[in-house]
Amino acid sequence: MPPLARRNLLHDKVRLTVTLTGIVFAVVLIVVELGLFVGFTVTTSSIIDKSNVDLWVVSKHTPYIEQGSAFSERKLYQVLATPGVASAEKYIVRFAQWKTPDGAEESVQVVGFNPYTGVGGPWNVVAGSVEDLKTPDSVMVDELYKKKLGVTRVGEVFEINGRRARVVGFTHGIRAFTTSPYVFASFKNAQDYSRLSEDQTYFMLVRALPGTSLPALQRALQDRVRDVDVLTTAKFSSMTRIYWMFTTGAGVAVLIAALLGLVVGIVVVAQTIYATTVDHIREFGTLKAMGAPNSYVYRVIITQAGISAVAGYALAMGVSFFIVRASQSGGAAILLPWQMAIGIFFLTVLMCVSAALVSINKVTRLDPAMVFKG
Amino acid sequence: MSPMISVRGVSKVYEEGASKVAALQAIDLDVSLGEMVLLMGPSGSGKTTLLSIMGCILGATSGTVKVAGIEVAKLGERELPRIRLQHIGFVFQGFNLFPTLTVGENVELALELKGIRGSKAKQESRRLLEQVALATKYGTFPADLSGGQKQRVAIARALAGSPSVILADEPTAALDWHSGRNVMLMMQELAHKHGRAVVVVTHDSRVLEFGDRVVRMEDGRIVPPSPSEMAPKIPPSWEVAANIQPSREAC
Numbered sequence: 001m002p003p004l005a006r007r008n009l010l011h012d013k014v015r016l017t018v019t020l021t022g023i024v025f026a027v028v029l030i031v032v033e034l035g036l037f038v039g040f041t042v043t044t045s046s047i048i049d050k051s052n053v054d055l056w057v058v059s060k061h062t063p064y065i066e067q068g069s070a071f072s073e074r075k076l077y078q079v080l081a082t083p084g085v086a087s088a089e090k091y092i093v094r095f096a097q098w099k100t101p102d103g104a105e106e107s108v109q110v111v112g113f114n115p116y117t118g119v120g121g122p123w124n125v126v127a128g129s130v131e132d133l134k135t136p137d138s139v140m141v142d143e144l145y146k147k148k149l150g151v152t153r154v155g156e157v158f159e160i161n162g163r164r165a166r167v168v169g170f171t172h173g174i175r176a177f178t179t180s181p182y183v184f185a186s187f188k189n190a191q192d193y194s195r196l197s198e199d200q201t202y203f204m205l206v207r208a209l210p211g212t213s214l215p216a217l218q219r220a221l222q223d224r225v226r227d228v229d230v231l232t233t234a235k236f237s238s239m240t241r242i243y244w245m246f247t248t249g250a251g252v253a254v255l256i257a258a259l260l261g262l263v264v265g266i267v268v269v270a271q272t273i274y275a276t277t278v279d280h281i282r283e284f285g286t287l288k289a290m291g292a293p294n295s296y297v298y299r300v301i302i303t304q305a306g307i308s309a310v311a312g313y314a315l316a317m318g319v320s321f322f323i324v325r326a327s328q329s330g331g332a333a334i335l336l337p338w339q340m341a342i343g344i345f346f347l348t349v350l351m352c353v354s355a356a357l358v359s360i361n362k363v364t365r366l367d368p369a370m371v372f373k374g
Numbered sequence: 001m002s003p004m005i006s007v008r009g010v011s012k013v014y015e016e017g018a019s020k021v022a023a024l025q026a027i028d029l030d031v032s033l034g035e036m037v038l039l040m041g042p043s044g045s046g047k048t049t050l051l052s053i054m055g056c057i058l059g060a061t062s063g064t065v066k067v068a069g070i071e072v073a074k075l076g077e078r079e080l081p082r083i084r085l086q087h088i089g090f091v092f093q094g095f096n097l098f099p100t101l102t103v104g105e106n107v108e109l110a111l112e113l114k115g116i117r118g119s120k121a122k123q124e125s126r127r128l129l130e131q132v133a134l135a136t137k138y139g140t141f142p143a144d145l146s147g148g149q150k151q152r153v154a155i156a157r158a159l160a161g162s163p164s165v166i167l168a169d170e171p172t173a174a175l176d177w178h179s180g181r182n183v184m185l186m187m188q189e190l191a192h193k194h195g196r197a198v199v200v201v202t203h204d205s206r207v208l209e210f211g212d213r214v215v216r217m218e219d220g221r222i223v224p225p226s227p228s229e230m231a232p233k234i235p236p237s238w239e240v241a242a243n244i245q246p247s248r249e250a251c
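The listed protein sequences derive, respectively, from chains A and B.
For the first sequence, position 184 matches number 184 in the working numbering, and the numbering has no gaps at all.
For the second sequence, position 228 matches number 228 in the working numbering, and the numbering has no gaps at all.
Worth flagging that the hints you see were computed from the coordinates, not collected in a lab.
Treat the hints with care, as some may be off.
Subject to a maximum C-alpha distance of 27 Å in a straight line, what follows is the list of computed DSSO-like cross-link-like pairs (lysine-lysine) [to be verified]:
hint, chain 1, residue 1, chain 2, residue 2
1, A, Lys235, A, Lys60
2, B, Lys74, B, Lys120
3, B, Lys120, A, Lys362
4, A, Lys362, B, Lys193
5, A, Lys146, A, Lys60
6, A, Lys134, A, Lys148
7, B, Lys122, A, Lys362
8, A, Lys50, A, Lys146
9, B, Lys122, B, Lys74
In isolation and in its complexed conformation, chain B is listed as follows (with noise of 0.2 Å):
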């Protein structure tokens, strides 16, 4: 089966007046359907810098990247949208909820985009909450919630449309440990149980038990991972909602 993300040789280099920064250099990545891959490495390694052009964020400078079959590096401004749109899902560090609507609504207006209104929009808005275990807070703002649960609405709307690969920025680091690993264990139930390719930017050691596989950069390029990256354990597929700890989050 062909990956669902494929990067092949993307290099990726800034111009900042005169100098030129190469943020990513060669860089060959496949993620697979059912599969999570974590992405480690220090801080200016290029992280996120990959992660936003497999998300269609941001172009290539050189390379081959193809999502969901669609070879995307070539695409213009008015493409990519559709593409985000239709195949992937985002889960942003600062939750990046909007403020001013409910949490149902914040799932909703991700649907609305995805051409799904109305009815039919609050129902499967209610859904996925509930298979984040928020159903109960849907007519909360999100300034009412702690991180945790603000980052299980930002799973929830990811989630709308059902998108085929996930891609996480840092989606633990302003959460503390039972928070962050609830939030983990969602990631992985959507890679293993639901079969969605995911990938998760990171620096927190403790999550790599999650992962399938790790993916380690230093200075814009992949390098072989650690000893105790290479084989992290894989937990079993969970039933996520049922393993939410409520010790610390306000539910």
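Next comes chain A alone, as it looks inside the complex (with noise of 0.2 Å):
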């Protein structure tokens, strides 16, 4: 078979140039669009999805984790003696003020948990140790807020509403969703710089045991423990996002920016496709005129939008693979996901493929008598 769909994109360099960076731009828009979103959405609840726990113990009513209320931690007690339960933790995450030497304040989020077993503790550590976390007034921050909180080494001191707070390692790409970072404390020393109560906790984390039927466990815990919520990871995990995804003004615009970068990258592709098409539209009445059927038109059409959707899917997951990886040391991550990265081919198929189609609909209506007009 003559390469004719090949030819018609490889034989002019300048067509091919504009097809390719056509669809690249929509590509990239979409990735960073996108990325942006799932970024920002898998960091409003990052610290509960990396918590390796089955159920999260709130106070009633608790919308997202930013937001819980303190409770007595004897529930604690209560929630250890239900059948099923392998392990229960107490958790604080709470904003608190950072204090520099130099008097400058960041607001943070002091994250308590129990250093002695690890749970809903920081991950990506790549200074000091989880267990430098036992010893008092000690802290752990993201190397991505260093020059926010004013910290240049371990070992630097600090204050956290008023308490003495030293830095005793750094984790790496933890990120907040809000402009406050996460500070990693024992539970005990997280409960002094929220200003906890000795007695009480904001969250507890429950481990089942091996076989334990997860819902049957949420049941028996939500009757037994009063005025709280058991809520699954998964379960408050969504809640959180959805909470910071659809009832902010800050997670709507990037969804928002998500959906006007899909529809731009569509309508960049389709335009593009579509040019090159009509490009060739009097080769494609001649063929008409031939004899061919409408079947072998549609296949060169289909085939040129293939090929240019493969080519402009390579170089742009090429160039995003280098904004993706700026981003991390960057303020907002922008985060491709496999997942993503082959949505987003199938997406490049089909918006190609879907703009060839329009362009198709143009040559079905395509009179082969153009053939003879001059």
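Dock chain to chain to rebuild the complex, using the hints, since each chain is given by itself in its own frame.
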């Protein structure tokens, strides 16, 4: 078969460059906007998702993690006494004020966990260790926020809500969705930093015994422990994500930007592919006049679109890779999980082929007699 | 012997909004195998419309059209391309070659549409290009050919699959006289030597000598030809390739 589709694309290098640039621009735009959306979404609930527990016990009607209310830690014993519970840990996530030696203040979120079990603790520790958090007044912050918090090295001392806080280590890539970075500390230290009474906690993290029915345990805990909500990790995570992404201006802005990115991307690709097809409209008319069935013409057009899609996607992913990497050290994370990369591949092919189908509609209605017009 | 193309009482009316324009009115025309008919007339006289109807590209408003004995006026959009593929080869004024394909591939594409593929298509493509004295241009792109050469490639492409009808729309309009003459000689040979029914739409009175018959059209009707068109000189059947004049063509 003469390679008409491939040649139509490759013959005119300028047109090919324009086509691929259009597709690359569109795909990168979609990657960046969707990646920001995914990054923000994941960031809002990262503390929950990384807790590696089965259930969260929270005060009644807690809408999201930053909005927990304190409750008596005596409920911990009721939880531990419930059949099917393997372990339960007290947990704190609370806003506090970070103060540098020169008097500058920043809002932070203190995360208090049990450093002996590590449940709910930091991950991606790049300096120091979780063990170091067992010592009094010790905290761990993320490298991303060194500048914001005025931290340069391990061992420096700051204040949280007027109490001494010594940096014993750093994590990498633990972002906060809000402007307040996470500061990890032992539960006891966090109680002090957040000025929480000694007999209170904000959350309890529950692990079930292997083989235990999670819904059954959730119901049992809900029945046994009063004035709390017992939520699965997935449920609490989605509640937090939904709160931040859909009930706040920031989340909606990111969502709208992602949708706009998608729409603009689709329009750019559609326009590009359509223009490429229309460039060859006279040739398609000739094919039809020669007696080529519509299916043959469609095949040529769809093959052109498919080749453009694959080549454009490959180039765009190369560009996106660098953007995603660069974003890791920036203020906003652009995430490109493999599922999204695969989804965008199919979306690119779909966009290109759909645009080609619009062109096909024009070709279908093409009067073959056009070939007689000079 | 029944004619290869038979047109009876064909009319074509174009509707543009509320107004109707009669492009053809009660046309009767037969074209037989081995015959070369020149369709002449001023612009807007309906020549190309008639050619399109005979070529199964355009439907008639009324009347009957038979191509190779098949009544095509009543065929649908799906069947007409098949008739074009099996029985008709087209030569266009603007050549309409695929600029991204080589000369050989242009012919192979037409062969592929007719079910001839692979090495057989390459072999047949070379044979057809030899027939128009362009075998050496097999791997050349159309942009690197002269106008006359392009039209000869178009003729080779029209011959793919050995159609019994060749329809040409102003095949010499974009060519100088020498190139145009060579093209007309080839068309003539297709009729006389290879026994095809050839219809050529033309404005060019210099090509009169090549036609077996002149059909003159005015205002959508066939009118009697002028005295100079009455008895066109029929040159003997030539060995076309041997007569191609290289004078103005970059071969």
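Status of each hint after checking the structure:
Only pairs whose Cα atoms come within 27 Å are accepted, and A:Lys235 paired with A:Lys60 is accepted, the gap being roughly 15 Å. Taken as a hint, the B:Lys74 and B:Lys120 pair is broken in the structure, with Cα atoms around 35 Å apart against an allowance of 27 Å. At roughly 34 Å between alpha-carbon atoms, B:Lys120 and A:Lys362 are farther apart than 27 Å, so this suggested pair is violated. At roughly 41 Å between alpha-carbon atoms, A:Lys362 and B:Lys193 are farther apart than 27 Å, so this suggested pair is violated.
Restraint check for A:Lys146 and A:Lys60: not satisfied, since their Cα atoms lie roughly 35 Å apart, outside the 27 Å limit. For the hint pairing A:Lys134 with A:Lys148, the CA-to-CA distance comes to about 25 Å; that is within 27 Å, so the pair holds. For the hint linking B:Lys122 to A:Lys362, the alpha-carbon distance of about 32 Å lies beyond 27 Å, and the restraint is violated. At most 27 Å may separate the alpha-carbon atoms for a hinted pair to count; A:Lys50 and A:Lys146 meet this at roughly 22 Å.
Between B:Lys122 and B:Lys74 the alpha-carbon distance is near 36 Å, which puts this suggested pair outside the 27 Å criterion.
Going through the hint list in order, the structure does not satisfy hints 2, 3, 4, 5, 7 and 9.
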